[in-house]
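Residue numbers (the working numbering), protein chains in the order written: chain P, 1 to 129; chain E, 130 to 474.
Do not rely on the hints blindly, as some may be mistaken.
Claimed, not checked - Chain E regions said to be covered by chain P (calculated; three or more residues, Cβ under 8 Å):
(1) 391-400
(2) 404-410
Unchecked claim - Distance condition first, Cα-Cα at most 25 Å in a straight line; then the derived DSS-like pairs of lysine-lysine:
(3) Lys18(P) <-> Lys55(P)
(4) Lys65(P) <-> Lys150(E)
(5) Lys269(E) <-> Lys65(P)
(6) Lys304(E) <-> Lys432(E)
(7) Lys65(P) <-> Lys471(E)
In short, the hints are calculated from the structure, not lab data.
Cβ atoms here follow ideal geometry from the backbone N, Cα and C, with glycine treated the same way.
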Amino acid sequence: MSKFPDDLKYAKSHEWVKVDENGVATIGISSHAQSALGDIVFVELPETGTTVNAKDEVAVVESVKAASDVYSPVSGEVIEVNELLEDEPETVNVSPYENGWFYKLQLNDEAELDELMYADAYAEHCDDE
Amino acid sequence: MVDFAGWSMPIHYGSQLEEHKQVRCEAGVFDVSHMTIVDVEGADAEPYLRSLLANDVARLDVLGRALYSGMLNENGGVIDDLIVYRMAFGFRVVSNCATREKDLAWMRSIAGSFILEINERPDLSILAVHGPASIDRVCKLLDSDSAEAVRNLGNFRGQMLDQWFIARTGYTGEKGLEIILPDKDVAGLWDQLLSHGVNPIGLGARDTLRLEAGMNLYGHDMDESISPIAANMAFSIAWDPLERDFVGRKAITAHLEQQRQGHFPELAGLVLEQRGVLREGQRVITENGDGIITSGSFSPTLKHSIALARIPVNSENCQVEMRGKLVAVRKVRPNFVRFGKKVFE
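Produce the complete structure using the sequences and hints provided.
Shown next as structure tokens:
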């Protein structure tokens with residue numbers, strides 16, 4: 001049993017991605033990332049309709065401690081953003097994998113998922129940092 | 130937990146924002162035993178401190194009374210900022226932690242032929258209890274005479290109660306007390322406070338609280354290379370009497386004159402009412418030249434970012450370079466929140 005959800009894949013830069021059967025990827029940041037950032041006070045999200053590439057800076061998280069870039073773990077067109085985070089950014093601290101998701105995109109290339117880590121490997125990556 | 134000048138200290142005990150709110154709305158306790166306590170005793174303690182400090186301890190007209198002061202070098206740079214209390218034995222100085230060794234060395238070097246003793250007090254701890262309910266909650270733990278004495282303390286006044294020194298001083302902009310007590314008593318008081326609804330507060334909230342109150346943080350808003358004139362500390366300089374010749378007087382007199390002529394920086398408040406957080410080190414661009422943010426954070430009380438910035442005096446149009454973009458900010462007096470309320474226009 002990993003300390004990170006097993007049904008997600010993770011980037012080294014601490015984003016998670018979950019892909020549904022229609023190729024829609026939901027992206028957020030891991031519990032490790034939110035915890036390291038501390039209380040989150042602003043989240044700047046990408047605009048719906050923009051096309052992003054894997055590893056692009058797509059969002060910014062500002063916590064009481066620091067500003068942090070969020071890099072898209074996969075490429076595609078942004079089809080929805082989590083507007084709840086505009087008013088209640090602390091949702092990312094409370095529920096990083098459920099209510100605290102950042103944006104959804106229509107996946108361009110499923111092969112990009114192979115570049116990402118499973119929960120166990122990600123847990124090791126966090127331990128090594 | 131982080132290492133803070135050799136002390137292991139918590140950034141927060143759970144949530145920095147919750148802790149901040151706890152102090153603004155109720156009561157919280159900070160373990161600030163890392164601060165340096167130095168007792169100055171002896172026949173010349175007063176003339177010595179009048180020569181050492183930019184503020185004038187002769188103004189401390191009654192026992193327990195406190196004042197805030199800078200301790201300057203000859204160039205007018207701030208060696209440290211501190212609180213000094215008049216005590217029965219002389220004076221008690223509470224200064225920063227990271228500056229302990231240099232402060233003591235400096236204080237000893239100025240002592241010269243003054244007849245006095247400078248005694249560090251590592252045997253004492255400090256708990257700061259702050260928030261609208263703080264005094265009531267502390268008083269519940271005291272006998273009725275002591276509680277009465279504490280309730281009657283005015284701001285910047287303190288009193289010795291047996292082995293404990295209790296004063297109405299602090300670093301949050303809220304009502305509250307600082308309790309200086311023997312190490313052996315501190316854990317007991319801490320536990321009692323926690324069981325009476327006074328929650329522990331970490332360094333993170335301590336920083337956002339003091340920033341909202343427009344209070345300087347040594348090593349960030351000023352240091353040995355910065356004049357108190359450029360650090361919003363003019364209020365703590367006692368210019369009268371003219372004949373009092375404290376260390377750095379000549380230098381800061383010149384700084385003040387330069388500032389009057391528009392050629393010396395000032396420490397201003399900045400407010401960003403849109404999204405984003407102002408951070409220390411960011412460049413400030415004004416019509417009179419560049420400045421720098423010396424402290425910046427999200428203000429949990431105001432729900433937007435605030436900062437202290439050292440900028441050319443009399444600048445009105447300020448922009449901050451944030452992550453590659455120029456963002457307009459509003460300049461205000463460097464005092465944002467007092468007693469839980471916004472205090473700038």
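When you check the alpha-carbon spacing of lysine 65(P) and lysine 471(E), does it fall within 25 Å?
Holds, at roughly 22 Å.
Take the stretch 404-410 of chain E, compare each residue's beta carbon with every beta carbon of chain P, and decide whether three or more fall closer than 8 Å.
Contact hint for the stretch 404-410 of chain E vs chain P: holds, 4 residues under 8 Å.
Count the residues of the stretch 391-400 of chain E whose Cβ falls closer than 8 Å to any Cβ of chain P, and tell me whether that reaches three.
violated (count 0)
Agreement of lysine 269(E) and lysine 65(P) with the hint, judged by alpha carbon distance not exceeding 25 Å
violated (36 Å)
Going straight from one Cα to the other, do lysine 18(P) and lysine 55(P) come out at no more than 25 Å?
holds (16 Å)
Are lysine 65(P) and lysine 150(E) close enough, with their CA atoms no more than 25 Å apart?
holds (17 Å)
Take a quick look at whether lysine 304(E) and lysine 432(E) sit within 25 Å of each other, Cα to Cα.
Holds, because 22 Å separates the two Cα atoms, which is no more than 25 Å.
Of the numbered hints given earlier, the model fails hints 1 and 5; all others are met.
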